[in-house]
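*Asks:* As a plain string of letters, each chain reads:
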Amino acid sequence: MTANYKFIDHTADIACEVLGNTLEELFTASVEAWKSSVVEETKYGEREIKKFKLTASSKEQLLVDFISEINYYLFTRNWLLNLVLELEIKQKNDTWILSTEIEGMPVSQDVEIKQEIKAITFHQMNIEKRENKYYTLIVFDI
Amino acid sequence: MMINEIELNRIRENLWEIPATGNMRVPGRIYISENMIHENLKTDDALKQVVNVAHLPGIEKYSLAMPDIHWGYGFPIGGVAATDLEEGVISPGGVGYDINCGVRLAVTNLEVSAVKKRIDHLVSKLFEKVPTGVGSKGAIKKLSKKDLKKVLESGSVWAAEHDMATQSDIEFTEESGTLENANPDIISERALERGANQAGTLGSGNHFLEVDVVEEIYDDKAAEVFGLFKDQVVVLIHTGSRGLGYQVCDDYLKVLLNASNKYGFNLPDKQLACAPIKSSEGQDYLSAMQAAANFAWNNRQVIMHLARKAFRETFNMSESELGFNLVYDVCHNIAKIEKHKIDNEEKKVCVHRKGATRAFPPGSKLIPAKYRSVGQPVLIPGDMGRYSYIAVGTEKAMEETFGSSCHGAGRNLSRRKALKDAKGRNLVKELNEKGIVIKARGYRTIAEEMPGAYKDVSDVVDVMHNEGIIRKVAKIRPIGVIKG
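Chains as they are written, first to last, in the working numbering: chain G, 1177 to 1318; chain V, 327 to 810.
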């Protein structure tokens, strides 16, 4: 795995730069950045699998929707992601399609949530190629 | 002067203009001191965001910013813009994710000398009664879908119907705690799910409930009208529409991004996604936002009810002895249809206030009759270690800022820097030594929200006071704080 993320300073919220060789790696690294923003190292108990599909009119919208979905699982359904097991992103005409299988668990009392992320923003998000890698900035509103 | 390649021309001591260039439809105007420009505006993109907002179709007069301006999403925090109802747009970026985030101030009959002795107990009681922190829930029974929709439709009135608000609480809430055209039927299932068990919860981040003491009075007449006196114990509550509001914003950003393409708007920032106010997309967002705003008013009302109970139990007092009365509840993240004078004619516009507080003048029919001799209370919280302000709106605010003023201090340090600064310190003890008792879910919040992480709110308030947009009435100082 060569995908990666790096937090950069932001006065009010959380901002990070994300890189990936493929869109799939970029999306996975983005979710990992989200996870390290909301929880400390966590021991996972009984694991569950979730599968879902998303469609969007742009790859940026698709990324926002993907992390928002996982954010919703945590802050509304009390279910915390552990790993992205499978992820496929395709473009069909003007539509971007994401299919994924993720693993996680219901949140118990001993999981320490660092902070609530209100939303995944579009602020300065622009998925582009930089030196043969996909790059974007992501800002989480907290 | 040039700041980040943006030209700023001085109009008055604390008022600066960005001339309309390129595709800007109006100039930008920022209320700020020269010092604050150098200290705060060089390091972020807030000025660029003032410029971006000036591109919105139908924007009237100016893209405005208050002195607590800082980087936001789409609009800067502290941004104000009014748009024409026929030709103009409405944008969730001009409201924010936390729809109707706001502040309410209640006064008690208690003096600080009576409360100080029991402040530890009071803060613990408040912490026990008011759910705080990430995903906080369960202040009141989880709302059924029917009840939740009623809250979205009627705001604080729902609380009154369930014995959690008095008629006076309703009267002294902006818009009487209900925006009438709210439509709960266009709120997504996901937003309803996020809000169902969050009525009466404080949440996390910069939201708080504070017990304060009136430290200084600047305007005797207005203070008397608001029921404020020196050394009095008052309560300040800051929160918004919780997960429900965030989800409504998220849902409609998507709708309005598509609408921006459909109507051919070429916008400099995706977070400025918008639709013509009169379009179906614009009307839907307006009604959904109004529903979320009603949820927020009910939320602050239920919290006030819980706080009132905590005070009564701590001091063993009847309601009339305690006198826990609402002075006012103001929202600072909202878009409202209001009448304003433009080119000497009164017209209806959509005023976006994103991190800005309504500040209507004496005589306004939109403020409670009791306050018409002095003007609308404007509540401006600072940080938990220093002070907050109570001010009043003026006629000049109506002339210059669409009846708007600043909303708070604004962060000085990022959360990461604040955590770093807090290392090795005992902030609870430091606050205790200043006479402030704090209780929070975790130490991390206290560290991230420590006083040094915020700018001095008095700098912000002084700009608006000196420019005549508001008049200072009183300064209050915290003695007890609960946070997420």
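Treat the hints with care, since some could be wrong.
[Claimed, not checked] Not the full set, but computed from the structure, chain G residues with beta-carbon under 8 Å of chain V: (1) A1188; (2) E1193; (3) G1221; (4) F1228; (5) Q1237; (6) S1244; (7) I1289; (8) K1290; (9) K1294; (10) N1308; (11) Y1311.
[As the list claims (entries may be wrong)] Residues of chain G placed beyond 10 Å of chain V at every Cβ, according to the derived structure: (12) K1229; (13) E1236; (14) Y1248; (15) Q1291; (16) R1306.
No wet-lab data here; the hints were simulated from the structure. Just so you know, these numbers come straight off a predicted model, no measurement behind them. Quick reminder that beta carbons are idealized off the backbone N, C-alpha and C, glycines included.
*Asks:* With reference to the structure, classify each hint as holding or not holding.
*Replies:* Hint check:
1. A1188: holds (5 Å)
2. E1193: Since chain V brings no Cβ nearer than about 15 Å to G/E1193, farther than 8 Å, the hint is violated.
3. G1221: violated (19 Å)
4. F1228: violated (13 Å)
5. Q1237: holds (7 Å)
6. S1244: With a closest approach of 6 Å, the G/S1244 hint holds.
7. I1289: holds (5 Å)
8. K1290: Hint holds; G/K1290 Cβ to chain V Cβ min 6 Å, cut 8 Å.
9. K1294: Status holds, d = 4 Å.
10. N1308: violated (25 Å)
11. Y1311: violated (17 Å)
12. K1229: holds (16 Å)
13. E1236: violated (7 Å)
14. Y1248: violated (7 Å)
15. Q1291: Nearest chain V Cβ is 6 Å from G/Q1291, so the label is violated.
16. R1306: The claim holds: G/R1306 sits with its nearest Cβ about 20 Å from chain V, beyond 10 Å.
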